[in-house]
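Model the full structure from these sequences, guided by the hints.
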Amino acid sequence: MHSSKKLTFSLLLATGLISTSVNAELPVEEVGTTTLSAPDDHRSYMVDFEFNNMVSTRVVVVDPDKKKYLGMIPTGHAAPAALSHNRKTVYTADIFFSRYVRGERTDVLTAWDSRTLSPEWEVKIPTKRSFSLTERFALSTSADDKFVYIYNFTPSTSVTIVDTEKQAVASELAIPGCILNYPIGDRQFASLCGDGSIQVITLDSAGQETGRSVTEFFDPDQERLVERATHVGKTYYFVTTEGDVVPLDLSGDTPEVLPRWSLTTEEQRAEGWAPGGWQLIAAAPELNRMYVLMHPDHKPHKWEDPSTIIWEFDLKNGKKLRTLESPNLIWSLSATSDDDPLLLGTNIEGGLEIFDLGSGQHTGTMEGVTKTPTLVLNH
Amino acid sequence: MKFLDRFFERSSRHVASTTGRRHFIAKFGSLLAIGTAAPVLLPIDRTSKALAAEAPKAGDPGDPTSCDYWRYCSVDGFLCSCCGGSVTSCPPGTEVSHVTWVGTCRNPADGIDYIISYNDCCGKHSCGTCACTRNDSEEPMYRPFNNNDINWCLGAESNVYNCTVAVIRGTAI
Numbered sequence: 001m002h003s004s005k006k007l008t009f010s011l012l013l014a015t016g017l018i019s020t021s022v023n024a025e026l027p028v029e030e031v032g033t034t035t036l037s038a039p040d041d042h043r044s045y046m047v048d049f050e051f052n053n054m055v056s057t058r059v060v061v062v063d064p065d066k067k068k069y070l071g072m073i074p075t076g077h078a079a080p081a082a083l084s085h086n087r088k089t090v091y092t093a094d095i096f097f098s099r100y101v102r103g104e105r106t107d108v109l110t111a112w113d114s115r116t117l118s119p120e121w122e123v124k125i126p127t128k129r130s131f132s133l134t135e136r137f138a139l140s141t142s143a144d145d146k147f148v149y150i151y152n153f154t155p156s157t158s159v160t161i162v163d164t165e166k167q168a169v170a171s172e173l174a175i176p177g178c179i180l181n182y183p184i185g186d187r188q189f190a191s192l193c194g195d196g197s198i199q200v201i202t203l204d205s206a207g208q209e210t211g212r213s214v215t216e217f218f219d220p221d222q223e224r225l226v227e228r229a230t231h232v233g234k235t236y237y238f239v240t241t242e243g244d245v246v247p248l249d250l251s252g253d254t255p256e257v258l259p260r261w262s263l264t265t266e267e268q269r270a271e272g273w274a275p276g277g278w279q280l281i282a283a284a285p286e287l288n289r290m291y292v293l294m295h296p297d298h299k300p301h302k303w304e305d306p307s308t309i310i311w312e313f314d315l316k317n318g319k320k321l322r323t324l325e326s327p328n329l330i331w332s333l334s335a336t337s338d339d340d341p342l343l344l345g346t347n348i349e350g351g352l353e354i355f356d357l358g359s360g361q362h363t364g365t366m367e368g369v370t371k372t373p374t375l376v377l378n379h
Numbered sequence: 001m002k003f004l005d006r007f008f009e010r011s012s013r014h015v016a017s018t019t020g021r022r023h024f025i026a027k028f029g030s031l032l033a034i035g036t037a038a039p040v041l042l043p044i045d046r047t048s049k050a051l052a053a054e055a056p057k058a059g060d061p062g063d064p065t066s067c068d069y070w071r072y073c074s075v076d077g078f079l080c081s082c083c084g085g086s087v088t089s090c091p092p093g094t095e096v097s098h099v100t101w102v103g104t105c106r107n108p109a110d111g112i113d114y115i116i117s118y119n120d121c122c123g124k125h126s127c128g129t130c131a132c133t134r135n136d137s138e139e140p141m142y143r144p145f146n147n148n149d150i151n152w153c154l155g156a157e158s159n160v161y162n163c164t165v166a167v168i169r170g171t172a173i
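Same order as they appear, the protein sequences are chains A and B.
Take 1 as the starting number for the first sequence in my numbering and just add one per residue.
Take 1 as the starting number for the second sequence in my numbering and just add one per residue.
Please note that the accuracy of each hint is not assured.
[Claimed, not checked] In silico contact screen, one side only, chain B against chain A (beta carbon under 10 Å); selected entries:
id: 1; residue: 73
id: 2; residue: 122
id: 3; residue: 123
id: 4; residue: 133
id: 5; residue: 143
id: 6; residue: 160
[What the hints assert, rightly or not] Sample of chain A residues lacking proximity to chain B, with all beta carbon distances greater than 10 Å (derived):
id: 7; residue: 26
id: 8; residue: 58
id: 9; residue: 135
id: 10; residue: 145
id: 11; residue: 251
id: 12; residue: 300
id: 13; residue: 319
id: 14; residue: 369
[To be verified] Just so you have them, the derived chain B footprint on chain A, three or more residues with Cβ under 8 Å:
id: 15; region: 41–55
id: 16; region: 189–203
id: 17; region: 225–231
id: 18; region: 301–315
Keep in mind that the hints were calculated from the coordinates and are not lab data.
By construction, the Cβ of each residue, glycine as well, lies at the ideal position given by its N, Cα and C atoms.
Below is the structure:
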């Protein structure tokens, strides 16, 4: 062996010995399953409609502070989802067919543990669950988590009431001419009606109807009021496609329509500024602020189009505070309910845009975590 | 290009007009009868399982596999013309839902506003080709029969959505 080859061989041998001595043999491992901690204030749930295959959809669970994918919940046929107020449960209203796309239809409300992301229990519900682009108020929970309200569309409309303590259907209430269920406190929900009224149904502790009121709300012949509202406590905020905010106080015995205000000045409206998107508004309750996806070049047919521009408003006085900009088009917004809140936006490539509302800064994008996200849900 | 970019893309050739909802509502009661009686109008097509010709017809301009086609002014879904069906015919093995939503679209050839029913084809999952969303005459969901965000496979044996056809049902004028 030549001296140079000897040297090389010696070096290789030495390197191998050093390597062996530094990297001790790895221990035998055990395989397991991750359990999440209890949801913190920023835990976020992305409802994935997956337009290219709505049979097999999902809710993706993420930590937006760490930009970390935490897990997912498989759902049936573009299921709406809702969170319990005690943060222990994620509800989904699933549809299944016995032969994937055909056969017997079964609708169930599924209760998922928010730490294990496994189903805890389910109950069969009437095979009427609405199947649409996911609406935030197609599935909701009473403030005390006793009842879950499920919106049905056949195209007759009704609401199925599930008692979560008994894990059983309590009732099904027809809401003819009206849609969705906007929860109010422990025993009421509202529905928005095609004649421009708001209907409020009151329940007893058994989930049976004890009262129903109808209040004139808006004029559907004069304007289009987007049904995808947001709320702070029992005050709901709707926007019209032209940019008016229509607040509705549902805390009293009968609904009170509060004075409306405009997102835009007359000049801005003339320039073409108007709201648009899917869940196009969100409220941060601790800041008492609302966030709106805005279009600079709005046309009536763009009322459901995404945008990169978000305007922030003070709900106390309707004053515009800031403009937030996203690097990608956002279709739906949600804000967390703590006093150091985040604003989350689903971008149209399946990612999540994250804004810190203290600084107003965009802190990053979680790219490609879903296919067709329609909503973000927060505790 | 990513799926949703295409989904929201609209061509500069977008020519369909928006007809006011009040105008539509005011005319709805009589439009079908007027539509069938007026000799200068296009015929009222009916959905069928027969194969339909997709070649451009006189008075019916445009490409039925393109989102720009005038009849698609309020469509939201996959175009059956790209999925094995046609503009009036569901793809093989799917079932037409006869419960549907309607839109009002202006035909650029004759300037007439037509009532278009957007029947969903059902029983197989998403076609996945030619996604197209245009909301020219769409109304919020409290007017469900003018809303395209709903899966309208409600009048079919299986409620699973495959694609959407666009069928002339009459005129709005």
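Each hint tested on the structure:
1. 73: holds (8 Å)
2. 122: holds (9 Å)
3. 123: Nearest chain A Cβ about 6 Å off; hint holds.
4. 133: Nearest chain A Cβ about 8 Å off; hint holds.
5. 143: holds (6 Å)
6. 160: holds (4 Å)
7. 26: holds (40 Å)
8. 58: Residue 58/A clear of chain B: closest Cβ-Cβ about 15 Å, beyond 10 Å.
9. 135: Since the minimum Cβ distance to chain B is about 7 Å, residue 135/A lies within 10 Å and the statement is violated.
10. 145: holds (26 Å)
11. 251: The claim holds: residue 251/A sits with its nearest Cβ about 23 Å from chain B, beyond 10 Å.
12. 300: It is violated; residue 300/A is separated from chain B by about 6 Å at its closest Cβ, not greater than 10 Å.
13. 319: holds (27 Å)
14. 369: For residue 369/A, whose nearest Cβ neighbour in chain B is about 14 Å away, the distance exceeds 10 Å, so it holds.
15. 41–55: Coverage by chain B holds here, the residue count being 5 at a Cβ distance below 8 Å.
16. 189–203: holds (count 3)
17. 225–231: holds (count 3)
18. 301–315: holds (count 6)
Against the hints set out earlier in the document, violations occur for numbers 9 and 12.
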